[in-house]
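Participant: If you want the building blocks of each chain, they are given just below.
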Amino acid sequence: MLNELRDLICEYVEVEESKVKEDSKFIEDLGFNSYDLMCLVGALEDKYDMEVDEKQVANLRTVKDAIRYIEAAV
Amino acid sequence: MIYIWKVPAYDKRKSKAEYERWLSEKAHDLLWQVLRNVYQIKREKLVYKEYGKPCLSDAKGIEFNITHCDGLIALVVGDRPAGIDAEKIRPWSMAAMRKVCDRKEAETILESERNEEMFFRYFTLKEAYGKAAGFGLSYPLKEVTFQIDFEKIECSRSGYCFSQYLIENEYVLSVCYEQRQEE
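So the protein lines, in turn, are chains A and B. Following our numbering, the numbering of the first sequence begins with 1 at its first residue and continues without gaps. Following our numbering, the numbering of the second sequence begins with 1 at its first residue and continues without gaps.
The following block holds chain B by itself, in its conformation from the complex (with noise of 0.2 Å):
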């Protein structure tokens, strides 16, 4: 199950540190609202695994992941390891698509007449497999490529099966599952 809220943009007026730890804070609120009032869970069931991946101690059979950017927060649950990323469409960065991206996908990035939706395509898929693998971003992502054609998403490495949704023409969502065997 797919959660998703809208709330306020980052106001530019304040800093935006400020602005990135009340959005965590209403990010765990409102998984922990979730949480209790869907699944029956206590709170202090919460521990952290390596690079800071929330998951419950001994809720076996759930399994979550959390994301917000300026403007939303995100929340898969389900019965199998699962990552989310999601980001606002928005002007991208050479740099960070040479860190991200390999030459076909930064081909298909610059040759896309909606690059930058093109690029966070590429972005959250890539931040969504890290998480739900459990290791965030801390691996080659240039290594793990995508291949987006139409609704159709395929990914180099296997075991993993992918879900992305563009949210108002305004964001980009993607959620990557860990593959059961009859998949």
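Same shape as in the complex, but just chain A (with noise of 0.2 Å):
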């Protein structure tokens, strides 16, 4: 799950494979906006098939955040 993350993330912003860790947090980290975690939370709505509450999208703050999420809604 980590490895299709990180994937999805590089897609999305300029940062390095080896950066993208399980305690990352999107905004202090990797460098994430508003648009670019509207971009991953579109991708991983495509990729796993699932609708993500948007009540929810401020609460993914690590990338170990957004895989429990994952985790749990499939």
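FYI, nobody ran anything at the bench for these hints, they're computed from the structure. Computed from a predicted model, the values in this text were never measured in an experiment. By construction, the Cβ of each residue, glycine as well, lies at the ideal position given by its N, Cα and C atoms. Worth double-checking, as some hints may not be accurate.
To be verified - If you want the footprint, here are the derived chain B segments under chain A, 3+ residues with CB under 8 Å:
| # | region |
| --- | --- |
| 1 | 11 to 18 |
| 2 | 86 to 96 |
| 3 | 136 to 143 |
Need the complex rebuilt from these two chains, each delivered in its own frame; the hints are there to steer you.
Facilitator: What follows is the structure, given as structure tokens:
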């Protein structure tokens, strides 16, 4: 799961793959802005055929949060 | 009043996270220069509401909101709640469009000769609305829709009015204000 997410993240932000870790924070560590986050959420919905509740987006602070969210949803 | 600053653009030799941190610090410095020099407000009055929206603790009658993107910082200050968002016009993601736009908006974007500009016109309107209303992007963006007809912007939600600017054919800037009763 981490590797799949790493690939998606690197599609949207310019970050070295090795720097994407489970405890990486999207905004502080990976440099995501609101548009990047919306791209990633849209891509996750497409890839895992799920719907991300917008109210939960603010709670997806780290890569691990996203992994947990996907695992619970699919 | 809207304040706009051009700032150095993202240098790909550095990390994006580093640039975003610098941009955020620069934006807050500029915000405080304006609040201090124009409105005589002290720095310790800054507080953060839900979803991280900054506001002033006891400066009734002064509302502000700030935005930054690659190469640009903008600030709106006024006497009523407002939200502002700027984006550099660039290739956009279909995944983001599906998350952000309803079917009619998506059709408008795809049919537009200037589809990159059109996508970010919708995106910035929706983010500016979310910021003015106080919930950022934590709302169903597809359900708040816009009709953009040249300079006229209509929103499916009442109670707010909008203005939008194209800056040097490079950036889209949208501002959302809470509507006054007499408007």
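Participant: All hints are to be evaluated individually against the structure, with a verdict given for each.
Facilitator: Here is what the structure says about each hint:
1. A stretch counts as covered by a chain when three or more of its residues have a beta carbon under 8 Å from one of that chain; for the region 11 to 18 of chain B and chain A the count is 5, and the coverage holds.
2. Residues of the region 86 to 96 of chain B lying with their CB closer than 8 Å to a CB of chain A number 5, which satisfies the three-residue condition for coverage.
3. Here the region 136 to 143 of chain B counts 6 residues with a CB under 8 Å from a CB of chain A, which clears the bar of 3, and the coverage holds.
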